[in-house]
Amino acid sequence: MTKNNTETSKRNLSLFLGCIAPNRYPGIESATRKVMERLGISIRELEGASCCPAPGVFQSFDKKTWLTLASRNLCLSEALGADLLTVCNGCYATLADTNRILKEDPEAKAAVNEKLSEIGKEFSGKIEVRHIVEYLFREVSPEKVRDEVTHPLDLRVAVHYGCHLVKPSHERKLGSPENPSFFDELVEATGALSVEYEDKTACCGAGGGARSAVQDVALTLTAKKLEHMQSANVDCIVDACPFCHLQFDQGQFELADRQGKEFSIPVLHYSQLLGLALGYSPEELGIHLNRVQNTEFYTKIGEKAENKFPGKKIGAGTGFGKGGVPT
Amino acid sequence: MKHPIKTSESDPTFFEEIKEETGAEKILMCFNCKGCSTGCPVTDVVPQYNIKKLLRMSAMGLRDRVLNSEHLWYCTTCFRCQERCPEGVKTVDTMLKLRSIAVKNGVMLPAHKKIAEYVMRTGHGVPIDEQNRKKRKELELDELPGTVHSFPEALEEVRQLIKACGFDRLVGFDQPAPA
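Each protein sequence line maps, in turn, to chains A and B.
If you're matching positions, the first sequence starts at 224 in our numbering and goes up one per residue.
If you're matching positions, the second sequence starts at -3 in our numbering and goes up one per residue.
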């Protein structure tokens, strides 16, 4: 069952948990650990890591503090000789940007190291920062992910890239942020169909401190996005970020309360979608701990997963690139 | 004209301060094409919000109007405008610099201050709660994640760095309460 892709994991990885995954959506942490193990990619624990810290609030407040706290997290991974793996676009933004800034700017590096010396640490710049979706695409490939799938999914999925996975594009180097495809390819590797919907690359609304400070503005963006997804008749949302995940999942309840707008679209992190396709149950992946619970969704994954097995190729890659034609 | 600009309002030191952020001087390159606000998801739902206007006001040195604008805090930092700007204006990077100048001048939204306080007290912007301790146990994960939550000495390091950066003074929490 387990194919050990040792050739794809040449460098050690440490798992950076961040805040929202372990402290609000632990299902994402659980799913990440399970799918990485199944794919034969070992991950080290990043003991004592803190908040990344949050790019919106901390960068808005004081860039020096933002860089310094982020560099401490990078030092922890450097000490393990491991590249740092995030499951969150916000953590990815903070840690990848800090890593790049400190590698490129000797003055910034010296300033941060002066602070770090107070706790006996030093940033040396010898590791890379990875995001699970970017990592799986580049180091494993959608084809190899597909080979591992035992329970192909017959789902219509609204893929949500989020902003900081692909932007700033000059730094991320994952192609054009206007019409990216790598995440859709990974989603379709599970057998699911990535459905096209209006303004797909739009923000979920949560970032930049907007969710906490101007909640109704943030929720209005979320509602627009959910309406576009709903119009495309999707079974669920698949995201790459626990903060987007929170905004979509918790946000559906907040929208009902505050704006009288009703939605019932299940929200999955990619690790959870992949976990289902690898045969884990929704309970093992913490999908049942989301706020939005939709029985039609459970019926769909229960029935179809069984029916499709072992026809592994069914549904795979049928929609993407063809304008999301329904099956 | 509802709010005519008086030359006396323009503070040339404001632009000098903004320029501390590498690339922020490019706000002078804006030729008013409105590509930034056209694609902005916030402008889409709040038409009065206009990042171009804020940046051009900044270039003109209108310190007080910019730093006291509620709109300074509407940007979700999605980077669409920065990606699309034909002149390479660092719209979002500059917006973040404007916010940090506002913070330095004591303009801080209570919700953001609270997140900063959480990080100072617990090491997490979103710390664990009872409900999620239970969820973690149900998933057979450790009740507390292996982060600063499990390592008090690591939390102490975070607090030390916060003090070393003067962040506690900036936010007005010189003496963070114990977690």
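Simulated from the structure, these hints should not be mistaken for laboratory data.
Be aware that a few hints might be false.
Stated by the list, open to error - Quick list of in silico lysine-lysine cross-link-like pairs, DSBU-like style, CA-CA up to 35 angstroms:
| # | chain 1 | residue 1 | chain 2 | residue 2 |
| --- | --- | --- | --- | --- |
| 1 | A | Lys367 | A | Lys257 |
| 2 | B | Lys30 | B | Lys49 |
| 3 | B | Lys22 | A | Lys326 |
| 4 | B | Lys2 | A | Lys396 |
| 5 | A | Lys344 | A | Lys332 |
| 6 | A | Lys447 | A | Lys523 |
| 7 | B | Lys30 | A | Lys344 |
| 8 | A | Lys484 | B | Lys100 |
| 9 | B | Lys30 | B | Lys15 |
| 10 | B | Lys110 | A | Lys332 |
| 11 | B | Lys2 | A | Lys344 |
What the hints assert, rightly or not - A few chain A residues that don't get close to chain B, going by computed Cβ distances all over 12 angstroms:
| # | residue |
| --- | --- |
| 12 | Arg261 |
| 13 | Ser273 |
| 14 | Cys275 |
| 15 | Gly279 |
| 16 | Ser294 |
| 17 | Arg295 |
| 18 | Lys326 |
| 19 | Phe360 |
| 20 | Arg369 |
| 21 | Thr373 |
| 22 | His374 |
| 23 | Ser454 |
| 24 | Ala455 |
| 25 | Asp480 |
| 26 | Gly483 |
Computed from a prediction, not measured in an experiment: that's the story for all the values here.
The beta-carbon is built from N, C-alpha and C at its ideal position, and this holds for glycine as well.
Can you name, in rising order, the numbers of the hints this structure does not satisfy?
Hints 4, 7, 8, 11, 13, 14, 15, 16, 17 contradicted; others consistent.
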